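Construct the complete structure from the given sequences, taking the supplied hints into account.
Here the protein sequences come in this chain order: L, R and A. So for the first sequence, the numbering used here puts the first residue at 1; every next one is plus one. So for the second sequence, the numbering used here puts the first residue at 1; every next one is plus one. So for the third sequence, the numbering used here puts the first residue at 1; every next one is plus one.
Hints are not guaranteed to be accurate.
DSBU-like, lysine-lysine: derived pairs with alpha carbons at most 30 Å apart [to be verified]: (1) Lys372(L) <-> Lys462(L); (2) Lys428(R) <-> Lys49(A); (3) Lys311(R) <-> Lys72(R); (4) Lys50(A) <-> Lys270(R); (5) Lys29(A) <-> Lys311(R); (6) Lys135(L) <-> Lys359(R); (7) Lys172(L) <-> Lys91(A); (8) Lys270(R) <-> Lys29(A); (9) Lys8(A) <-> Lys29(A); (10) Lys69(R) <-> Lys85(L); (11) Lys406(L) <-> Lys429(L); (12) Lys88(A) <-> Lys107(L); (13) Lys480(L) <-> Lys386(L); (14) Lys88(A) <-> Lys135(L); (15) Lys49(A) <-> Lys270(R); (16) Lys233(L) <-> Lys107(L); (17) Lys135(L) <-> Lys91(A); (18) Lys358(L) <-> Lys343(L); (19) Lys8(A) <-> Lys85(L); (20) Lys358(L) <-> Lys121(L); (21) Lys428(R) <-> Lys50(A); (22) Lys77(A) <-> Lys39(R); (23) Lys24(R) <-> Lys3(R); (24) Lys85(L) <-> Lys49(A); (25) Lys311(R) <-> Lys4(A); (26) Lys85(L) <-> Lys311(R); (27) Lys77(A) <-> Lys69(R); (28) Lys359(R) <-> Lys50(A); (29) Lys223(L) <-> Lys91(A).
Just the calculated beta-carbon pair ranges, DEER-fashion [stated by the list, open to error]: (30) Asp338(R) <-> Glu75(L): 27 to 33 Å; (31) Ala302(R) <-> Glu75(L): 45 to 51 Å; (32) Gly140(L) <-> Pro24(A): 40 to 46 Å; (33) Gly292(L) <-> Asn337(R): 26 to 32 Å; (34) Ala302(R) <-> Glu143(L): 15 to 21 Å; (35) Glu301(R) <-> Thr369(L): 51 to 57 Å; (36) Glu6(A) <-> Thr35(L): 43 to 49 Å.
Rather than coming from a laboratory, the hints here were simulated on the basis of the structure. In this text, all values refer to a predicted model and were calculated from it rather than measured experimentally. For each residue, glycine too, the CB sits at the ideal point set by N, CA and C.
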Amino acid sequence: MVYENPDGVMIGLEVHVQLNKANTKMFCSCTSDYTDSEANTCLCAGCLALPGTTPVLNEKSVDYAIRIGLALNAEIENETDFFMKSYFYPDLGNGYQVTQFDRPIVKNGSVVIEGEDGELKVRITRAHMEDDPGKMAHFGTIEKSTGSIIDFNRSGMPLVEIVTAPDMRSAKEARRFLDKLRSILEYLDVFDGTREGAMKADANISVNVFNGKRIEGTRVEVKNISSHKAVEKAINYEIMRQKDYLRKNKQLVQETRHYDEDRNVTISLRVKETADDYRYFPDFDLVPMIVGDRVEGIRAQMPELPDAKRERFVSQYGISDAHAKSLVTERAFADLFESVAAKVDQKSAASWVADVVKGELNYRDLPITAIKGDDIVTVIEMVTKKEISEESGVTVIRTLLDDGGKPADIVKAKGLAMVADDFIATAAKEAIAESPDAVADYKAGTEKALNFIVGKVMQKAKGKADARLAREMVLKELEKM
Amino acid sequence: MTKDIASFKAAGDKAVAESLEKIKKDDSGIFIAACGDAKAAGSGPLSGIPIAVSDNISTKDVETTCGSKILKGYVPPFSGKAVDDLTNAGAVIVGKTNMVEFGILGAVSTKGPVKNPLDNTRKGGPSGSAAAVAAGIVPAAVCSDVGGLLRVSASFCGTAAFKPSYGAVSRFGLIYYTGSLDQIGVTATTVSDVVTVMDVLSGNDNRDTTSLPDKMVYSGGKPLSGCKIGIPEEFLEGVSADVMKTFDEAVATFEKLGATCKKFSMNTAKYMQPVHDIIAAGESSAMLAKYDGTRFGPRAEADNWHEMIAKTRALFGPVVERRIMLGIHLLMAGQYNDYYMKSMQTRTLIIEEFESVFKEYDLLISPTAKDVAPELGGACGAGCDQEFSSYSTAIAGVDLAGLPAATVPCGFVGKLPAGLQIIGGYLKDADVIAAAEAFEKAADVKSPEAK
Amino acid sequence: MIQKDETKELAWVARIAVEDKDIPEFQDKINQKLDYYTVIADAPTDGVKKTVNPSRLNTVLRKDVVVPSMKVEDALKNAPDVYETSFKIPKIL
Ligand SMILES: [Zn+2]
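Take a look at the structure:
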């Protein structure tokens with residue numbers, strides 16, 4: 001199957017990733033962990049751009065950028081430098097952002113995602129380092145505000161901006177790219193995606209087919225989209241808007257638009273700026289960086305990345321690719337699986353961790369630390385030894401997450417221990433006696449009728465019976481008839 | 001009138017109080033503000049010594065304005081590294097010296113021009129640092145040196161001054177407008193006092209990327225005997241006949257001391273001033289962008305932020321405003337390659353030529369400024385955009401290559417002193433100091449009145 | 001050389017409110033500088049590397065160790081307008 005891309009949609013992303021696993025900011029020694037702090041309490045004179053401060057680059061931010069470059073299968077520039085990008089905005093204290101220009105630290109990489117029609121290689125044009133501005137909030141909406149306030153805690157956070165080629169053809173592909181990228185970044189331990197503002201994307205979108213004919217599309221940039229879900233919605237809105245303009249023969253302009261998440265629309269953001277010229281020039285407060293000799297040391301310590309891990313899980317543990325794929329999206333899940341798989345049957349481990357534990361954690365919005373690997377092992381062992389049913393196993397996991405405790409105690413307290421075989425045999429006889437119609441149907445060849453009788457047995461056992469055993473018992477009794 | 005560190009030391013406890021008294025009475029535009037008190041004196045090599053710093057060096061809890069209306073009322077919550085070093089050495093910062101707005105030559109200070117202590121109808125230079133020493137108010141003053149802010153002032157007031165190799169002194173807390181050209185230096189009555197203070201200020205600071213890893217050593221320089229001194233002919237262009245006479249005498253003194261002096265031509269000299277000017281304009285357009293009435297400083301009234309900052313930024317003086325606009329123009333895509341990129345490349349040529357020149361010569365010399373101190377109401381009285389070019393090509397070259405350079409008085413034209421600039425190769429600071437000290441001793445320049 | 005309207009535009013890009021009556025003088029003085037800069041046109045710079053800073057250092061990096069932040073009072077003490085612990089400004093659009 002080949003994806004037709006009927007509207008000739010081309011999407012490129014610029015993803016801003018905060019290197020918030022570094023302890024300090026990019027050019028000063030302020031803490032990078034300001035999430036729960038009051039406004040303007042995690043900063044120095046440099047973060048505030050007070051006069052007379054001088055920047056010094058954080059070694060970690062360089063090493064993290066290199067790590068990202070290696071994970072994106074990219075080239076690392078040997079000698080690189082910083083530029084000033086000038087524009088006036090309230091959250092940009094210096095009036096310029098420190099960024100990279102013609103020698104980004106990372107260039108020419110790629111990420112493989114699951115596209116509309118199979119594997120899709122998204123090219124990474126470049127990834128460069130830059131610092132984050134402060135954060136502005138408005139009284140009222142941005143368009144109709146009476147004033148704004150600024151918090152500079154975020155000012156100076158190290159960022160890597162990853163720029164893709166316009167290789168994605170749908171909002172879904174863009175979202176998958178972001179999911180994959182986030183997974184890789186978390187594996188690299190450079191980034192905590194749960195922190196606010198950790199990852200933001202700008203999307204360049206153009207529609208290049210109209211009425212079945214190829215046209216020269218208009219590239220529109222939608223800025224500052226903060227969640228992956230919002231990216232999908234913003235892109236879909238923008239594709240729809242562009243198609244609508246084409247249909248109505250309205251002029252599309254190459255512009256920057258802002259995505260309003262609450263209203264699910266993109267808004268044109270034109271300020272009174274006559275020349276859109278950022279006046280890039282070399283940052284004279286810094287000196288060139290020669291990073292080539294750092295690369296091999298960093299490469300030697302690169303963690304196994306999701307794709308490699310997925311392949312290894314399939315070959316080493318013999319689990320299904322679907323389970324492997326689910327387990328590797330987060331490094332912590334993959335690690336949890338491996339710790340469980342070391343102690344019990346590997347396929348059971350995969351299915352319990354990927355299907356049960358992950359689902360129950362997600363449902364409760366709990367972190368993976370909410371459950372212990374050893375408790376999962378205990379539950380799987382009890383199920384394998386038929387001490388409890390699979391259904392009861394799930395109950396134990398849920399109880400562990402909701403109330404805590406030990407699996408054995410929960411089994412005891414809830415009376416989940418499996419009932420004896422002779423109880424099931426009796427229950428089977430009773431169920432058959434109580435269901436003459438179903439027995440007749442079964443005998444007449446309706447397989448489904450068997451499920452009805454087994455269900456009755458399970459009811460009598462209050463779920464504490466092994467469903468497979470119950471089925472066997474019923475079949476045995478039916479054969480005697 | 002001048003007093004050296006030793007005589008201030010001899011005054012004991014009274015030194016700081018007397019100095020403060022004079023600063024409070026200053027009506028010559030030498031100071032913008034007085035600060036500190038005698039009780040603040042600590043122990044160390046400068047214990048109890050009053051020192052002045054230029055108003056572009058941040059002083060915690062003391063208003064720091066760079067001579068600009070746009071910083072009126074700004075009180076830094078931190079001190080510059082230079083200030084911390086001085087106070088840790090026992091000195092008391094007694095005042096902030098006046099300076100042309102942000103140190104931009106030709107611009108005007110809120111405090112007006114500095115009057116020359118040797119002739120109050122004349123300027124004391126673009127900064128009040130040398131005048132503060134010449135007036136005997138402090139034995140030494142610390143001032144950033146870009147475009148001659150320090151060296152030209154010293155030349156006009158007859159003090160010794162030194163700008164070290166780029167990176168010798170941390171710029172942390174220095175409010176520079178052009179970071180790649182500016183470096184903190186010192187002026188005092190004698191070269192030896194300059195070195196005493198330079199020694200306190202030098203050393204690595206991990207808050208400034210350009211800070212040299214090792215502390216600069218100013219002693220043990222090459223003696224003048226056998227020294228080869230070069231005189232780039234282009235550094236003498238436009239020098240007044242009177243100043244040229246003092247320079248010729250200086251050359252004779254060097255030869256008497258066993259050095260050989262030779263004139264030669266520098267191919268890149270004609271580019272030094274325009275390249276300095278272009279780079280300073282570009283860098284200032286970025287460095288002066290932070291003055292937007294948002295986080296500090298005065299704010300003009302307007303109902304929208306962009307209008308508000310435009311009105312606030314009109315507090316810059318016109319010379320500074322034009323410098324920023326020019327810098328922006330030069331950095332725009334249409335002009336960038338022809339002006340800014342070209343200047344950064346030409347800067348490489350200038351540095352390379354200096355490097356090859358210093359293979360042949362140990363030192364270079366030139367008049368520090370083309371003429372003696374100008375009249376107060378003169379051509380640049382109300383500010384002008386071309387003042388820098390009226391000083392010296394050598395000043396620009398030194399800034400561009402980050403070279404060490406000293407100025408010492410080499411003679412008088414009437415009441416007014418002329419300065420001799422001694423330039424060394426990169427990191428050859430000790431050689432410059434040794435030559436300046438030897439020259440100072442041998443020439444024994446005194447004002448006609450002192451004679 | 002820059003024209004009058006370019007001078008006005010430059011003033012806005014620089015966010016400096018220059019009065020209309022001053023524009024001709026600004027234009028003139030900026031053009032004098034541009035004229036003066038033509039001297040560098042003949043510098044033999046083909047293939048020459050740029051110098052950004054006279055420092056001969058490279059790769060100056062800092063260890064990733066936290067230094068305590070400044071006090072919020074110090075951060076705000078020079079602010080023209082404050083709302084709670086934030087900097088307050090007029091609307092931006
Ligand atoms: Zn900071």
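For each hint, the structure was consulted:
At most 30 Å may separate the alpha-carbon atoms for a hinted pair to count; Lys372(L) and Lys462(L) meet this at roughly 28 Å. The straight-line distance between the Cα atoms of Lys428(R) and Lys49(A) is roughly 24 Å, inside the 30 Å bound, and the hint therefore holds. For the hint linking Lys311(R) to Lys72(R), the alpha-carbon distance of about 15 Å falls within 30 Å, and the restraint holds. As the CA atoms of Lys50(A) and Lys270(R) are separated by approximately 18 Å, the hinted pair is consistent with the 30 Å bound.
Among the hinted pairs, Lys29(A) with Lys311(R) is consistent with the structure: their alpha-carbon atoms are about 21 Å apart, no more than 30 Å. Distance check on the hinted pair: Lys135(L) and Lys359(R) sit about 53 Å apart at the alpha-carbon level, beyond 30 Å; violated. A threshold of 30 Å between alpha carbons decides the hint, and for Lys172(L) with Lys91(A) the separation of about 36 Å lies outside it, so the pair is violated. Restraint check for Lys270(R) and Lys29(A): the C-alpha separation of about 21 Å stays at or below 30 Å, so the hint holds.
Our distance criterion of 30 Å between C-alpha atoms is met by Lys8(A) and Lys29(A), whose separation comes to about 14 Å. Distance restraint check for Lys69(R) and Lys85(L): the Cα-Cα separation of roughly 26 Å lies within the 30 Å cut-off, and the hinted pair is therefore satisfied. Only pairs whose Cα atoms come within 30 Å are accepted, and Lys406(L) paired with Lys429(L) is rejected, the gap being roughly 36 Å. Of the supplied pair hints, the one linking Lys88(A) and Lys107(L) is violated, its CA atoms being roughly 40 Å apart against a limit of 30 Å.
At roughly 26 Å between alpha-carbon atoms, Lys480(L) and Lys386(L) fall within 30 Å of each other, so this suggested pair holds. About 12 Å separates the Cα atoms of Lys88(A) and Lys135(L), which keeps this hinted pair within 30 Å; it holds. Taking the CA atoms of Lys49(A) and Lys270(R), the gap is about 20 Å. The hint holds against a cut of 30 Å. For the given pair, Lys233(L) sits about 29 Å from Lys107(L) by alpha-carbon distance, which is consistent with the 30 Å threshold.
Taking the CA atoms of Lys135(L) and Lys91(A), the gap is about 15 Å. The hint holds against a cut of 30 Å. With a C-alpha separation of about 19 Å, the suggested pairing of Lys358(L) with Lys343(L) holds against the 30 Å cut-off. A C-alpha spacing of about 22 Å is found between Lys8(A) and Lys85(L), which places the hinted pair at or below 30 Å, so the restraint holds. Restraint check for Lys358(L) and Lys121(L): satisfied, since their Cα atoms lie roughly 28 Å apart, inside the 30 Å limit.
About 24 Å separates the Cα atoms of Lys428(R) and Lys50(A), which keeps this hinted pair within 30 Å; it holds. Taking the CA atoms of Lys77(A) and Lys39(R), the gap is near 26 Å; set against the 30 Å cutoff, the hint holds. Straight-line distance between C-alpha atoms of Lys24(R) and Lys3(R) comes to about 19 Å, which keeps the hinted pair within the 30 Å bound. Restraint check: the Cα-Cα separation between Lys85(L) and Lys49(A) comes to about 21 Å, which is no more than 30 Å; the hinted pair holds.
About 20 Å separates the Cα atoms of Lys311(R) and Lys4(A), which keeps this hinted pair within 30 Å; it holds. For the suggested pair Lys85(L) and Lys311(R), the alpha carbons sit about 23 Å apart, so the restraint of at most 30 Å is met. Between Lys77(A) and Lys69(R) the CA atoms are separated by roughly 18 Å; this keeps the pair inside 30 Å, and the hint holds. Simply put, Lys359(R) and Lys50(A) have alpha-carbon atoms about 22 Å apart, close enough for the 30 Å limit, and the pair holds.
For the hint linking Lys223(L) to Lys91(A), the alpha-carbon distance of about 20 Å falls within 30 Å, and the restraint holds. Range check, Asp338(R) to Glu75(L): about 31 Å between beta-carbon atoms, so the 27 to 33 Å window is met. Roughly 48 Å separates the CB atoms of Ala302(R) and Glu75(L), a value that falls within the hinted 45 to 51 Å. In this structure the supplied range 40 to 46 Å holds for Gly140(L) paired with Pro24(A), their Cβ-Cβ distance being about 42 Å.
The hinted range of 26 to 32 Å is satisfied by Gly292(L) and Asn337(R), whose Cβ atoms lie roughly 28 Å apart. The hint said 15 to 21 Å for the Cβ distance between Ala302(R) and Glu143(L), and at roughly 18 Å that hint holds. Distance hint for Glu301(R) and Thr369(L): a CB-CB separation of about 53 Å, consistent with the stated range 51 to 57 Å. With their beta carbons about 46 Å apart, Glu6(A) and Thr35(L) fall inside the hinted range of 43 to 49 Å.
Taken one by one, the earlier hints fail for this structure at numbers 6, 7, 11 and 12, listed in ascending order.
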